[in-house]
Amino acid sequence: MAVLVIADHDNASLKDSTNKTVTAALALSGDVDVLVAGKDAKPAAEAAAKIAGVRKVLLAESDELGQGLAEAVEATVVPLMSGYDAVLTPATSQGKNVSPRIAAKLDVAQISEIVEVVSPDTFVRPIYAGNALETVQSSDAKKVITVRATAFKAAGEGGSAAIENVAAGAVSTKVKFVDQQLVKSARPELAGAKIVVSGGRAMGSAEEFQKVIEPLADKLGAAVGASRAAVDAGYAPNDYQVGQTGKVVAPELYIAVGISGAIQHLAGMKDSKVIVAINKDADAPIFQVADFGLVADYKNAVPELMDALAAAGK
Amino acid sequence: MKVLVPVKRVIDSNVKARVKSDQSGVDLANVKMSINPFCEIAVEEAVRLKEKGVASEVVVVSIGPAQAQETLRQALAMGADRAVLIQTDQDLEPLEVAKVLKAAIAEENPNVVIMGKQAIDGDNNATGQMLAALLDWPQATFASAVEISGDVAKVTREVDGGLQTIEVGLPAIITADLRLNEPRYASLPNIMKAKKKPLDVKEAASLGVDLKPHLKVLKVAEPAKRSAGIKVETAGDLVANLKTAGVL
Ligand SMILES: Cc1cc2nc3c(=O)[nH]c(=O)nc-3n(C[C@H](O)[C@H](O)[C@H](O)COP(=O)(O)OP(=O)(O)OC[C@H]3O[C@@H](n4cnc5c(N)ncnc54)[C@H](O)[C@@H]3O)c2cc1C
Ligand SMILES: Cc1cc2nc3c(=O)[nH]c(=O)nc-3n(C[C@H](O)[C@H](O)[C@H](O)COP(=O)(O)OP(=O)(O)OC[C@H]3O[C@@H](n4cnc5c(N)ncnc54)[C@H](O)[C@@H]3O)c2cc1C
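Line by line, the protein sequences give chains A and B. This note's numbering applies: residue 30 is where the first sequence begins, and numbers increase by one. This note's numbering applies: residue 99 is where the second sequence begins, and numbers increase by one.
Since the hints were derived computationally from the structure, they do not count as laboratory data. Keep in mind that this is a model prediction, so the values were computed, not measured. Please note that a few of the clues may not be correct.
Derived EDC-like pairs: lysine to aspartate or glutamate, alpha-carbon spacing no greater than 20 Å straight-line [claimed, not checked]: (1) B:K200 x B:E331; (2) A:K205 x B:D187; (3) B:K310 x A:E281; (4) B:K323 x B:D125; (5) A:K328 x B:D249; (6) A:K203 x B:D125; (7) B:K310 x A:D150; (8) B:K323 x A:D169; (9) B:K252 x A:D247; (10) A:K71 x A:E186; (11) B:K323 x A:D150; (12) A:K205 x B:E265; (13) B:K317 x A:D169; (14) A:K328 x A:D208; (15) B:K252 x B:E265; (16) B:K114 x A:E281; (17) A:K299 x B:E265; (18) B:K310 x A:D169; (19) B:K341 x A:E333; (20) B:K317 x B:D189; (21) B:K317 x A:D208; (22) A:K205 x B:D189; (23) A:K171 x B:D308; (24) B:K341 x A:E281; (25) B:K341 x A:D208; (26) A:K248 x A:D169; (27) A:K248 x B:D335; (28) B:K148 x B:D234; (29) B:K314 x A:D169; (30) B:K314 x A:D336.
Label pairs and their in silico Cβ distance ranges [said to hold, decoys possible]: (31) B:T342 x A:K309: 20 to 28 Å; (32) B:S122 x A:A191: 46 to 54 Å; (33) B:E205 x A:S201: 40 to 48 Å; (34) B:I328 x A:S201: 52 to 60 Å.
Where is the CB? At the ideal position from N, CA and C, for every residue including glycine.
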């Protein structure tokens with residue numbers, strides 16, 4: 030069986046979720062190829078060629094692929110599928126945008142956001158905001174799968190796969206890229222960060238969020254996250270949202286400041302190794318999952334934490 | 099312009115789903131069910147288009163059991179004009195839902211389909227994209243702003259890293275993200291009025307769509323429980339504990 034992994038990348042480099050998806054793919058088969066679809070994406074393809082266990086890297090380039098248009102990626106992948114038995118995509122917003130189209134064109138089901146490969150046709154996936162884990166067996170000849178990257182270890186380096194150019198698919202529908210506004214940040218990426226500091230509605234304003242959450246994150250070399258309430262209120266950009274309908278994270282350390290711990294928020298962070306909650310309400314549900322809880326007003330607790338970290342040499 | 103909005107009946111988002119003890123699925127007996135929150139946002143967007151004079155008719159469609167009529171009435175109370183229930187007691191997978199919706203679209207001929215990006219039970223986030231692929235219509239997923247002028251929709255999308263704006267020619271599929279709008283509460287008079295609005299029921303089996311499942315659920319289990327840890331008194335204690343835990 031041969032498996033294709035669709036890389037998550039920004040043309041210049043590969044995202045960590047690609048290495049993790051390769052690990053999931055290697056649980057299906059030893060014959061794993063990686064597709065890098067983009068524009069001026071040679072550096073990303075070269076990085077993919079170095080992942081241990083990768084057989085071959087396919088590089089497809091066009092303007093529309095560079096813009097990430099789902100129609101273009103689908104039209105690139107579907108013709109390639111005659112040579113593959115499965116295609117795996119990290120369950121990022123781009124992966125979720127593209128993968129169901131591929132499934133529909135192949136007339137097969139999509140197996141969404143798998144967290145475990147039981148066997149080449151059987152997978153475990155969370156449903157109901159992670160309150161249940163479903164084990165499903167697919168009867169389709171070709172499997173179309175999205176992968177929850179946080180559930181898999183990143184495949185290491187050490188490979189030296191060949192890079193092969195493949196044709197970019199053409200977009201047949203009326204869709205046009207206009208522009209994008211990406212949040213630029215020197216901080217680590219939320220989805221792959223070792224430490225995440227998240228702020229909730231308690232912050233009360235964007236200024237307060239920047240004054241309280243961001244310095245704490247920077248002191249720890251952490252990524253910044255937020256609850257939906259904080260994002261909806263405009264305290265933090267949409268890209269920061271952690272939860273059922275935002276990003277799923279599983280860092281070594283997750284610090285929730287002024288977040289109550291709604292089911293939908295927990296769905297995005299409860300697999301973190303160590304969870305810290307700072308909340309002034311001792312009954313907040315977040316304390317039911319926190320390893321270390323500090324019942325306090327964040328206005329005092331966060332500055333004290335900054336001092337304690339400084340005293341500990343951070 | 100006609101807008102079609104597919105809506106799904108799901109467990110209420112405030113209810114914590116419980117796994118059945120025989121691991122055959124999630125226990126939905128006597129559980130509060132509601133319109134999927136993302137579908138509600140899609141209905142709101144469609145109704146706003148009508149109020150702005152951009153849309154002339156809003157049709158809501160649900161695929162599901164007889165009780166999904168309640169979900170459709172909820173959408174009618176928000177301002178949709180007409181509802182169609184495509185009845186089945188089978189739990190359909192997103193691909194089959196998309197195929198049934200394609201058949202419904204062939205009958206209704208809408209200019210745009212606005213739907214939820216994700217249902218909070220299956221969490222697949224797939225149906226809209228599949229429908230777009232089956233119809234060969236452009237897709238604009240995870241929308242946080244929609245502007246329709248003439249036969250073009252300009253859609254702002256929530257993507258990893260920020261926001262992206264694309265233009266799609268109509269007819270197209272748009273899937274709603276959380277920040278597209280805040281759905282209204284239906285007023286009592288509108289709830290009463292909704293009872294008189296047309297609601298057609300047809301059998302899913304009558305559409306000639308292959309509804310055979312591709313996936314077999316072997317079991318549904320509860321995830322490993324996290325237990326509450328300890329409460330610390332001070333920030334200093336917290337740092338000491340984090341050092342011991344090896345995460346600093
Ligand atoms: C369909 C759907 C999808 C959703 N998806 C997501 C999602 O992906 N992610 C997500 O996060 N949510 C999601 N939600 C929303 C979720 O249900 C909650 O509303 C949200 O997580 C609440 O955010 P919060 O904890 O910041 O706010 P609140 O629940 O208001 O909690 C604020 C907390 O701050 C504490 N506090 C206040 N002042 C202070 C202070 N001075 N010091 C310390 N603590 C203080 C309070 O005690 C309280 O516990 C979703 C909801 C729905 C219906
Ligand atoms: C064997 C099997 C067992 C199952 N068991 C259960 C179970 O116990 N409980 C359960 O609730 N589900 C069950 N399902 C259904 C499954 O979990 C999903 O609900 C289903 O696959 C649809 O996926 P989704 O709702 O996550 O779609 P998504 O792709 O997340 O939905 C996105 C959007 O598509 C539209 N949409 C989706 N479904 C419909 C619909 N029916 N009518 C109108 N519009 C719709 C809505 O606009 C929605 O916002 C089962 C499925 C199978 C195959």
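Do the alpha carbons of K341 of chain B and E281 of chain A lie within 20 Å of each other, as the hint requires? Holds, at roughly 12 Å.
Checking one constraint from the list: CA of K114 of chain B to CA of E281 of chain A, max 20 Å. Satisfied? Cα-Cα ~26 Å, so violated.
Could you grab the alpha-carbon distance between K171 of chain A and D308 of chain B and see if it respects the 20 Å cut-off? Roughly 18 Å between the alpha carbons, so the hint for K171 of chain A and D308 of chain B holds.
Consistency of beta-carbon spacing, A191 of chain A to S122 of chain B, with hint 46 to 54 Å: holds (48 Å)
Does the beta carbon distance between T342 of chain B and K309 of chain A stay inside 20 to 28 Å, or does it fall outside? holds (25 Å)
Need the status of pair K317 of chain B, D169 of chain A: alpha-carbon distance at most 20 Å? Between K317 of chain B and D169 of chain A the Cα gap is close to 19 Å, so the pair holds against 20 Å.
Decide if the proposed pair is consistent with the structure: K200 of chain B and E331 of chain B, CA atoms, cutoff 20 Å inclusive. violated (59 Å)
Below or equal to 20 Å on CA atoms is what counts here, so check K323 of chain B against D169 of chain A. violated (33 Å)
K317 of chain B and D189 of chain B: Cα distance at most 20 Å? Holds, at about 15 Å.
Restraint check for K299 of chain A with E265 of chain B, where alpha carbons must lie at most 20 Å apart: violated (37 Å)
With 40 to 48 Å as the target window, see if E205 of chain B and S201 of chain A comply at their CB atoms. violated (24 Å)
Is K248 of chain A within 20 Å of D169 of chain A, Cα to Cα? violated (49 Å)
Of the numbered hints listed earlier, those contradicted by the structure are 1, 2, 3, 5, 6, 8, 9, 11, 14, 16, 17, 21, 22, 25, 26, 28, 30 and 33.
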